[in-house]
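Chains E and G, in that order, give the protein sequences.
The first sequence finishes on residue 295 if you use my numbering, and the numbering steps up by one all the way, no holes.
The second sequence finishes on residue 1259 if you use my numbering, and the numbering steps up by one all the way, no holes.
I should point out that these hints are in silico values taken from the structure, not numbers from a laboratory.
Do not rely on the hints blindly, as some may be mistaken.
As the list claims (entries may be wrong) - Short, incomplete list of chain E residues facing chain G, as computed with Cβ under 7 Å: (1) D80; (2) L82; (3) I83; (4) P101; (5) D104; (6) R109; (7) A110; (8) Y111; (9) F122; (10) F133; (11) R134; (12) P141.
As the list claims (entries may be wrong) - With a straight-line Cα cutoff of 30 Å, these simulated DSSO-like cross-link-like pairs (lysine-lysine) come out: (13) E:K46 to G:K1139; (14) G:K1083 to E:K77; (15) G:K1219 to E:K46; (16) G:K1139 to E:K77; (17) E:K107 to G:K1139; (18) E:K50 to G:K1011; (19) E:K91 to G:K1139; (20) E:K164 to G:K1139; (21) E:K107 to G:K1013; (22) E:K77 to G:K1076; (23) E:K46 to G:K1013; (24) G:K1011 to E:K77.
Idealized CB from N, CA, C, for every residue including glycine.
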Amino acid sequence: MSEALSSPGAPQDAPLAAIPDATHEPPGGDGPVVEFKDVSITFEVKPILKNISFSVDRAETLVILGPAGCGKSVLLKLADGLIRPDSGSIKIFGQEITTMPERDQFKLRAYIGIVFQESALFDSLNVEDNVAFRLHEEQVPEEEAHKRVLEALKFVDLEGTSDKLPSELSGGMRRRVSIARAIISNPDLILYDSPTGGLDPITSTTIMELIMKQRDVSHTTSLMVTHRLQDAFILATHRYDSATGCMKAIPKDANGHNVDQSTRFLMLNEGGIVFHGNTEELIHSEDPWIKEYLS
Amino acid sequence: MPLPSPENWIKQKVAAVQDYSILTGSALSDIFSGPHYWADVFTQMDSIGVGSMPIVVLTGFFTGCVLSLQSATALKEFGAISKTGGLVALSMVRELGPVLTGLMISGRNASGMASELGSMKVTEQIDAMRALGTDPVRKLVVPRVIASVIMLFFLTIISDAVGIAGGALVSVNLMGLNPQTYLADSYRSLVYGDIVQGLTKPLFSGFIISTVGCYFGMKTTGGTQGVGRATTQAVVVSSVFIIIVDFLVSRVMLSIFGN
């Protein structure tokens, strides 16, 4: 076993800190949860994002679409403060993060969960220690941490895998552990980076059901990067049915809408925004590039 | 293949020095301020210290053996073979013990740190750690720095001791020297300044090995090929730094304690 991450434990002389849970007060008041203003970033000489501006309100799900290499994952990392833009302003829960020292960002990230493209599980820790990583860091008592890990693993339908190492899991299971790790602290914002990338259709549906469940049961604000149109439209046209534990197509309402109104779309191309709006606006867009992308 | 622009090359090197300075500055600041991951520190001490014992013992022992063989042969010509013990002890304690231990640990541990952290970097585990609210410098770098500095100090003492013992073995069994003469001359030739000089160097070497190894690990890009490159660079750079700093520390120590 690798010793890179030798212990899952907390810093031994750390002060006891409170980890957010279901009862915590979400930060940022009633303003947008995520707000980008004129954000630009260049890697070496190649501009990746140019003057990106958008905002995401509380309980909204923003699906970020676009061709490969258009800066979708970069945008997600910018939202989590993992990289800093060259210019512009990014506010998360109303707090400017582009100038915030990383040590202050660590506290803010207690309210943010992220699912990485390749899961990014700690390969030297077992499933339980991976999922409980944040709880251990915050010195949550072991008994409570174990209970919350079991709840999170039950949510992603992975009970009985606590002692397994990430290398013993399939790609879909790793992605589900990653979701469990992201939701363990009941975050107010979840960032999904291509959660179904590289997975077979059945596993992808399972992952989409989990994302939908988190949206419809916990009403968590989320940003989901994907290049799979079918995933984006499943999220927009289905809802999670708690009674059956499966997703169901949304029936038409009085206004003739059969889409989830809290799910919106942002389309990127060549570093700029080509579309930002709801599902119906996207479907009826007359923009030739969007039409071609959707066809 | 086009030649790299000198301007870009210089910019890259200056940026690397800046990044290394920021990393070492953060690590130093975190060492002297809590919280600390003591469990990780002890795990690293076991890996770096106990795990490196066999190579340090073998290197130290055979260095003492060959040093004794070479010097006794030369000293015999001048009728000064009784001075072999002093020569071996001085060489081992002042120079060869600290430098060879540093170089061996660099080869074993700077590469290990660069590859471990490099693998974590390319699989986004370090980003995941930051996203989960944990400072990777405090969690990954600081325990390695503390463990390397402490363990290199003790490994150097072991290397010095087995080097002198190896020298004794060769002097007595092959060169026919009296064991009491060898040990007495070894003991008599070492003064306080030699011990201080010999035990100051591993503190610097330990710091160099850990910070250079972690720096190249945390700056790894380019997948598995990048991990391999980071590992090689970590060993090369830390070995060169160890020898340069050895010279500087020797110069300072000699000016303080004299010859």
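Interface hint for Y111 (chain E), Cβ within 7 Å of any Cβ on chain G: Because about 10 Å separates Y111 (chain E) from the closest Cβ in chain G, which is outside the 7 Å limit, the hint is violated.
Satisfaction of the F133 (chain E) interface hint, Cβ to chain G closer than 7 Å: At 6 Å from the nearest chain G Cβ, F133 (chain E) passes the 7 Å test, so the hint holds.
Pair hint K46 (chain E) and K1139 (chain G), alpha-carbon separation not exceeding 30 Å: violated, 33 Å
K164 (chain E) paired with K1139 (chain G) [C-alpha distance capped at 30 Å]: Within the cut-off at roughly 23 Å; holds.
Pair hint outcome, K107 (chain E) versus K1139 (chain G) [Cα-Cα no greater than 30 Å]: holds, 16 Å
Satisfaction of hint between K1076 (chain G) and K77 (chain E), Cα-Cα up to 30 Å: violated, 70 Å
Restraint satisfaction for D80 (chain E) [CB to CB of chain G, less than 7 Å]: holds, 6 Å
Hint validity - A110 (chain E) Cβ closer than 7 Å to any chain G Cβ: Since the shortest Cβ distance to chain G is 5 Å, the answer is holds.
Holds or violated: K91 (chain E) to K1139 (chain G), with C-alpha atoms at most 30 Å apart: This hinted pair holds, its Cα atoms lying about 27 Å apart.
Satisfaction of hint between K77 (chain E) and K1011 (chain G), Cα-Cα up to 30 Å: Given pair K1011 (chain G), K77 (chain E) holds - Cα atoms ~26 Å apart, limit 30 Å.
Hint validity - L82 (chain E) Cβ closer than 7 Å to any chain G Cβ: holds, 5 Å
Proposed proximity, K77 (chain E) with K1139 (chain G) (alpha carbon, max 30 Å): holds, 21 Å
The structure shown violates the earlier hints numbered 3, 4, 5, 8, 12, 13, 14, 21, 22.
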